[in-house]
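**Student:** Let's have the full structure, built from the sequences with the hints guiding it.
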Amino acid sequence: MTTATIEPRTQDKPLTEQQFLRSGLVSAVVLQVVLFLIFAGLATSRAAGHVLSATAVFGIVTVAAAGSTIVGWISNLYSASYAGLMGTVTLDPDAPVAGNDPFAFGTLWRTTLAWALGAAAWAAAGAGLIAVALNGRVARFPVIFVSLVAMAGVNVIAIGNAARRRGVAAATTAPSRVVSVRRRAWRELAVPLALSQGLLNGSVAWLLFHSYPTGDAAIPGVLTDSTALADALLVVVPLTVLFAGITRYWGAFEIATGRVSLDDPDTQTVARRSPIGVQFMVYACILGLVAFKIAGLLLPATPSLAAVMITRGVLAAVLVFVSVGVGFVRGACNGLPE
Amino acid sequence: MKQLALALVALVVGMATVPLISSVGAADGLDGLVTAEAESYALRVEYDIPLPAGPGTIPYTVGEIRRTTAGENAKGLAAAPSGFGAVVAGQYVNPNHEFDDPAKYNHLPQAECFYPGDLVDTHFRFPTETRDETNPLPPLSFSTARCSAGPVSDLKASTDGFGGTGVVARNLASSSLMQTVKGVDKADTSSHASAIEIAGGAVKIGGVDISSSSSVTGKKGGAVTGTRLTISDVAIGPLTFSIADDRLVVAGQNVPLVGDAAQGIVDQANTLLTGSGCRVDVIDNPGRYPQGYLFARPDPKVGVAGDGSFAGSMRAGLLVVCDLPESVTPKNLTPQRVQVVVGFAYSSASATADPGGFGIGDLTGGLPESAPAVLPNLDVAVPSIGDVPLALAPPTPTPAKRRPAVAVVKPVLPIATTPLNSATRLTLFLACAVAWALLTHFGIDRLRRTP
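Protein chains in written order, with our numbering: chain U, 1 to 338; chain C, 1 to 451.
It should be emphasised that the hints constitute simulated quantities derived from the structure, not laboratory data.
Any given hint might turn out to be false.
Said to hold, decoys possible - Computed footprint of chain C on chain U; a stretch qualifies when at least three of its residues, placed anywhere within it, have a C-beta under 8 Å from a C-beta of chain C:
#1 192 to 203
#2 261 to 272
#3 283 to 290
Unchecked claim - Just so you have them, the derived chain U footprint on chain C, three or more residues with Cβ under 8 Å:
#4 89 to 96
#5 430 to 440
What the hints assert, rightly or not - Cβ pair distances, simulated, as ranges:
#6 U:Leu233 <-> C:Leu430: 44 to 52 Å
#7 U:Lys293 <-> C:Ala235: 53 to 61 Å
#8 C:Ala251 <-> U:Ser226: 49 to 57 Å
Even for Gly, the Cβ is constructed at its ideal location relative to N, Cα and C.
**Tutor:** Shown next, in the form of structure tokens:
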């Protein structure tokens with residue numbers, strides 16, 4: 001096994017690996033609590049009677065665990081390696097070095113999917129125990145929130161911590177191959193993430209609208225196209241900011257470690273004093289909102305639940321695809337900060 | 001520390017967001033005790049022989065939803081062709097006590113639901129599901145009762161025709177829906193019948209449509225209630241009149257339903273009915289009719305509360321009382337008279353901060369006394385409902401005929417709330433516990449070996 005020749009940058013007060021992992025753990029716990037507070041709130045807010053069946057809780061917990069793990073594993077892996085590269089964390093020369101390059105396309109997605117499936121199975125088993133405890137009774141907000149934190153949050157945090165350990169260890173691992181920035185951005189990262197987010201957002205659409213009657217517009221409270229797409233801003237902005245934001249560091253890390261090369265150095269090289277800014281996020285948000293408007297025109301006035309799930313899933317997938325692709329290329333072009 | 005501070009800020013923002021998100025729901029603003037009731041029928045027929053008995057309430061829907069912070073429930077009953085009273089129901093289920101085997105009993109033509117529990121979505125087809133021998137018969141009446149979380153009680157009953165001693169009618173239907181939707185607690189009910197003939201045609205009624213709707217938001221000015229009544233083409237001899245809400249229409253002229261002019265027309269009708277033994281009256285006190293004389297309950301509460309906590313209204317149509325002539329009376333039935341209420345609807349909705357139930361303050365007062373209900377020993381022959389609808393029903397109606405010409409409405413996905421049986425529960429527990437333990441073991445092992 002060869003190691004990279006890249007020297008980590010030094011920082012005034014670098015953290016030890018334990019300090020780094022501990023700080024990440026605290027942040028992850030807080031963020032998971034916030035995330036699942038919102039998730040449980042969304043789950044109950046539009047459900048009939050603000051309650052869910054045990055079956056619905058089972059589905060929500062399982063999907064939340066899988067969805068969070070996919071994003072959590074990759075982002076923690078990259079952020080820890082990036083921190084190691086930037087000198088935020090002290091690399092222990094005696095620490096075990098990551099074996100295979102964890103950022104190689106096959107390894108990255110095999111590992112991610114394995115962890116996601118494992119997390120989903122663990123959460124599903126736990127949700128089964130919750131179903132036994134509920135025994136036919138419905139679940140309200142507190143039960144759903146606790147279930148999410150206990151069955152999805154715990155394993156996502158644990159897996160995220162493992163990803164950070166592996167990321168620190170992999171900071172100086174030599175790349176297994178070099179691919180072009182565009183290929184890496186669009187085909188190897190944007191497409192898989194878009195697919196996973198499309199499935200996740202389709203499931204969230206079910207979560208939001210499964211209690212609505214569908215069909216006849218004369219029925220009070222029927223699911224309409226405007227209802228289905230009313231929260232466009234709440235979908236477009238977080239997805240764009242999250243994925244365009246985190247992939248900027250992915251691109252910077254991969255160009256610095258030689259995992260990707262510029263396709264067209266003349267146009268992709270930017271001056272250090274005038275890096276590519278975050279303006280594209282605004283444009284992406286505007287395009288996302290326009291896409292929601294167009295989808296509203298295409299959807300029937302009283303769409304079926306399946307049509308809403310597909311529409312929202314496709315819109316989210318497209319948005320994530322664009323955000324990840326552009327965000328990664330931007331990071332690669334800008335490189336590591338001075 | 002910077003990350004932690006940012007995370008804490010996000011936590012505070014997130015927690016502040018949840019109540020806002022949660023308020024976009026089905027029942028925001030409805031706190032405390034939330035209830036809704038609805039009841040309606042097209043015809044209620046009682047024979048005074050001398051105790052009140054008879055074919056019952058045709059068709060009938062009645063239900064209630066109730067929610068407090070402690071939980072919620074919904075219940076309802078839909079009956080078609082008829083909801084029997086206590087006296088007749090016993091005779092119908094086991095005529096003259098001739099069956100010892102409960103498997104031979106007739107099932108009552110009604111569907112009941114209760115949430116939470118096993119009876120959340122029920123239906124009954126009459127006479128098909130009356131007993132095993134009637135399975136080949138085509139359905140002539142349908143009753144559906146669906147109760148679910150929310151709470152929601154959705155009841156429907158319909159029948160093509162009804163024929164009993166002294167009363168026949170066609171195209172009867174009743175429906176009631178109680179639910180909380182987007183911060184509104186509401187109850188809607190309506191009933192319909194047409195081609196009604198009473199006492200062998202002495203009184204003919206083209207049709208009756210009656211409905212009642214009540215809703216509350218729990219906020220000031222948020223209580224609304226109302227009833228609608230249409231009784232068309234009441235024909236008594238040469239006299240024909242109709243009732244449309246609070247107006248009586250005769251010969252193209254309309255007069256207030258309550259007043260000398262309308263009373264004069266009703267008197268004229270009764271004069272024409274003198275030879276038939278019947279009498280017609282406009283019902284101005286419907287409170288006594290939901291349960292008949294014997295099992296009468298107190299008048300339900302009606303009116304509108306200014307603070308938006310209650311709304312209720314009730315309406316009934318006509319009361320026809322006949323001393324039946326022998327020509328329309330079967331040999332095995334000799335009622336002295338038949339009393340028919342044509343159209344009745346009641347709905348109410350309430351949302352109060354008081355959750356109800358038994359509190360410490362209730363310790364100072366005694367529980368209300370109540371006498372046990374005693375069913376009379378009715379030693380008379382009661383009409384067999386088995387031949388009631390068959391006399392008038394069309395040969396083989398198909399369910400497709402009943403479908404309204406509107407888009408098919410996909411109902412809300414039901415919430416499975418059936419408790420697991422012990423074996424399933426134990427199996428699920430063991431399977432999940434073992435799977436969870438194994439996955440935990442392998443997961444921790446794998447996490448330790450990473451990277």
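**Student:** All hints are to be evaluated individually against the structure, with a verdict given for each.
**Tutor:** Verification of the supplied hints:
1. Closer than 8 Å: that is the beta-carbon criterion, and the stretch 192 to 203 of chain U has 0 residues meeting it against chain C, so the requirement of 3 is violated.
2. Given a C-beta distance limit of less than 8 Å, the hint that chain C covers the stretch 261 to 272 of chain U is violated, as 0 residues qualify and 3 are needed.
3. Look at the stretch 283 to 290 of chain U against chain C: 0 of its residues bring a Cβ nearer than 8 Å to a Cβ of that chain, fewer than three, so the hint is violated.
4. Residues of the stretch 89 to 96 of chain C with a Cβ under 8 Å from some Cβ of chain U number 0, which does not satisfy the need for three, so the listed coverage is violated.
5. For the stretch 430 to 440 of chain C, the assignment as covered by chain U holds, since 7 residues bring a beta-carbon within under 8 Å of that chain's beta-carbons and 3 suffice.
6. Roughly 47 Å separates the CB atoms of U:Leu233 and C:Leu430, a value that falls within the hinted 44 to 52 Å.
7. Between U:Lys293 and C:Ala235 the C-beta distance comes to about 59 Å, which sits within the given range of 53 to 61 Å.
8. Judged by the Cβ atoms, the range 49 to 57 Å given for C:Ala251 and U:Ser226 holds: they are separated by roughly 50 Å.
In summary, the numbered hints that this structure violates are 1, 2, 3, 4.
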